[in-house]
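Each protein sequence line maps, in turn, to chains S and L.
According to full-length UniProt numbering, the first sequence is numbered sequentially starting from 1.
According to full-length UniProt numbering, the second sequence is numbered sequentially starting from 1.
Fair warning: there could be bad hints in the mix.
[Stated by the list, open to error] DSS-like, lysine-lysine: derived pairs with alpha carbons at most 25 Å apart:
1) L/K86 with S/K31
2) S/K574 with S/K586
3) S/K226 with S/K495
4) S/K277 with S/K150
5) L/K106 with S/K31
6) S/K31 with L/K107
If you're looking for bench data, these hints aren't it; they were derived computationally from the structure.
None of the values given here were measured: they were computed from a predicted structure.
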Amino acid sequence: MGCGVTKGGEFHKRYDKDGNIISVRISAVTKAIRAAVLIQRWYRQYVARMELRRRYTWNIFQSIEYAGQQDQIKLYNFLGYLVDNFTPSSNERNLISHIFRENEVCRDIEWERFFDYRHIEVPDIYSGPRLTFPLNADQAADLVEAFRSKQQLHSRYVLQLLGETWKLLRVLPNINRISTCHSKEITICGDLHGQLEDLLLIFYKNGMPSMEKAYVFNGDFVDRGKDSIEILLILFAFLLVYPGEVHLNRGNHEDHIINLRYGFTKEVLGKYKMHGKRILKLLQKIFSWLPLATVIDQKVLIVHGGISDTTDLALVARVDRHKYVSSLRPPKRRISHSVRASVDSDMDEDLVGSKYSILNRRRASLTYARPFPARESFQHRSLQDFSSTVARTMEEELEIRRRQAAMTRPGYSMSCRNLNTSMLSPSSSDSLDAFENVQNEWKQILDLLWSDPMIPDGCVPNEVRGGGCYWGPNVTEEFLNKHSMQLIIRSHECKQDGYEFCHNRKVLTIFSASNYYEVGSNRGAFVRLGPDLVPYFIQYQANSMTREMSVRQSLRRTEHSALKVLREQLFAHKSDLMSAFQQHDKENTGLISLSDWGSAMSQVLHLDLPWRMLRSQLITTTTDDMLDYHNWFRNLAIKEKSYEHIEQTLLDTLYKHRSTLETIFRIVDTDNSGFISFEDFRQTWKLLNAYLKMEISEESINDLVVSIDTNKDGNIDIDEFMESFRLVDKNMLERGKSLFMRRSEEYDGPQDETTNQPPQTPTNKEGGFLAPP
Amino acid sequence: MAEERALAGVSEVQKKIRSAFDVFDHEQNQTVDVREIGTIIRSLGRFPTEAELHDVIAEIEEEEPAGFIRFEKFLPTMSRILMENKLRPVPEDLLLQAFEVLDQQKKGHLDPEELSRYLTQEGDPFSQEEMEEMLSAALDPEKNLIFYRDFVSMMTADEPW
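Input sequences plus hints: build the corresponding full structure.
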């Protein structure tokens, strides 16, 4: 043992003339020291165990988040597929035009008239802020206060504020250039993701924006959290009051199609029932007009995602950024013969009048890289006739891209897909150049908004996110040298401590949404830069609960959540897992070894997780170290009784693609009633089915539809449909106690829906990562 | 048969070590920061003192200490530790007794100041941070006392795997 014993040894040898009494006392001292050592050993061991769990819990969240990003690609591909393949069959056309109508501004109405707020009356009983323009600092502060008190700004003022914001943004350059000499310190904040509490905390700790207090907000203001619109309104208000001191960078979530999937659209439509769609349309414009980057003292680049080996700031400064409305829709090409006089050059992109506009907008297949066969043949194809073209599932697609990425063709994914086609409408070489320019510009923007740093050198397409690149330290070095800069500040990735350096401290990630995955999962941070450009960090964690929870409680909670999320993944891949298990169980005993279980999990899920460690959390009963896997699956989750007769693979597919389905449903639900018709549901499902090349019969689809329409009124409640995918751990219900909690009193806060409660329709939609947006 | 089992046992142990190591191998290049070795060894259910830890590190370090440890050096040493059951856990009841020793008046609880003094000054002293963290887990905030019996149950509840 350590020095305690030596000490004790020494003491033991001393004899005092008083004899016994002293030696007893000395011995007690020795014992105490030994006790201390023991306690220390135990405690350190305990901490190490916690640390391990914390690490892999974090890994779970990150792996699943990245896996979830692929849903975007799915959606993108699916939309692209629809555009390329629909034909004049009445039902399908209705549905598809529904889908795309959403993304077009009404051509026949003048823009300004559409967003005119003046006719909107504000009732006397409205007690929220009544804004007058031009805004002043007091009004901005009042707005913050109002939102803190959970008030909602009236749609009239929302539209007015947004209108003013748009006007301002249009005159801003693509790259904000600011200096520390004007306002001594500049504060930079990362992703906020609709978490108003964090923004309020930042203002509390750092003060609100003012002439003396400059701020840069580095994108991703919206989605996931529940107060995205309030955050936007606050940021825009301060932007209007202090245009020289407040700077906003666009993030990848400032994108209307992403918003459909990640919750912002739903939030706005929910809060603004009458004018929500207008507000969203206006925001669509505003997002496209947000600046792309900010540079401080010509030395520090602040951008949401990052860079690639082809990033050229001079080029970025020149682009027409507003043309790039969404990263999920490649830029439109202007058809020369469809020029129409327009009120505003900004409207051109929306006034493509040709009847082939939809087809022409998509220049290449988004589902695979080979050039398309002759375009003309598309118009005559019916849905049934696509099998040869849609040859691959998503997974295969990604695998191929991964392999191709190994050949390091930069910016391959969303941006480069379009470059791959040799198939263009007949055009002159001029417009071919223009087309390539547009593609190049688009790639530049995607790279800025979507890239992530990686540890090894090089630059490879970011297959996980589907856009941008992974860039290495050598790319950072080159970039900084080329532009005579010293630091890149970016956001886009959640970091446990709110911030993290990499690339030799030349790249800083700053993330301002605390508790992003779960209460207690991470801190948020912001950074201050003075004229010396030395970063100074402040970290925080919103939610009073976390301050009172010990590290241990916080870990347990996060772990609980991560495991829940993981189980959903397992459920989504049930058929594949079953086949993998069966491969290890050739004799059909129903049992497999734990080791084989681990291999199967790893193989099917493609999630880089420590399966051996997770074993004890995911498997509770084994016989002789063998797992009864059928039983295990049964206990993993219960499904809705009504779905029990539905065929497993169908259910699996539904589950896997539920977020894409939900997004499409919400698009189709044009009056935002929360319901879609039987027929629309069937058609959507059929289309997705066709696209995925599933061989699911008409009959199964009909069965499915019938079982979902629980009240038999011919309409399907979208929310209810999505809720049926929320998994409940049967074990937890049966034992009345969480598998992962030892004592129920460990939780300070409100009971999680899955503990100590009888089965009921869960109402908590905001918790957990995979909750429907 | 026994031999097969023995071999299987060895490979199980190695897989365990591999798993734990991988969690801390951030760059996916078979190395971990030397400062994480203690955590890894402990997370494998071992209870080294600081001195024992230093000995292990000295054994597996590179000739020119470079701040990282390679898996190929870690594996044999760690396998041996596990197979020979070295650095083994102290039984839980001894842990409780340790607290009781410090609680001379047998009150059933300890003063945070008292405990801090012992743990930050004796044996393998805790850093200020470690002490604060332990207190946040062990201290009853209302009474400002450490009810060590509960605390011991908590620390020993999770099975090391």
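We went through each hint and held it up to the structure:
Distance check on the hinted pair: L/K86 and S/K31 sit about 23 Å apart at the alpha-carbon level, within 25 Å; holds. Note on S/K574 and S/K586: the hinted pairing holds, with a Cα-Cα distance of about 18 Å set against a maximum of 25 Å. Restraint check: the Cα-Cα separation between S/K226 and S/K495 comes to about 21 Å, which is no more than 25 Å; the hinted pair holds. A distance of roughly 22 Å separates the Cα atoms of S/K277 and S/K150; the hinted pair therefore holds under the 25 Å criterion.
Restraint check: the Cα-Cα separation between L/K106 and S/K31 comes to about 15 Å, which is no more than 25 Å; the hinted pair holds. The hinted pair formed by S/K31 and L/K107 meets the criterion: a straight-line CA distance of about 18 Å does not exceed 25 Å.
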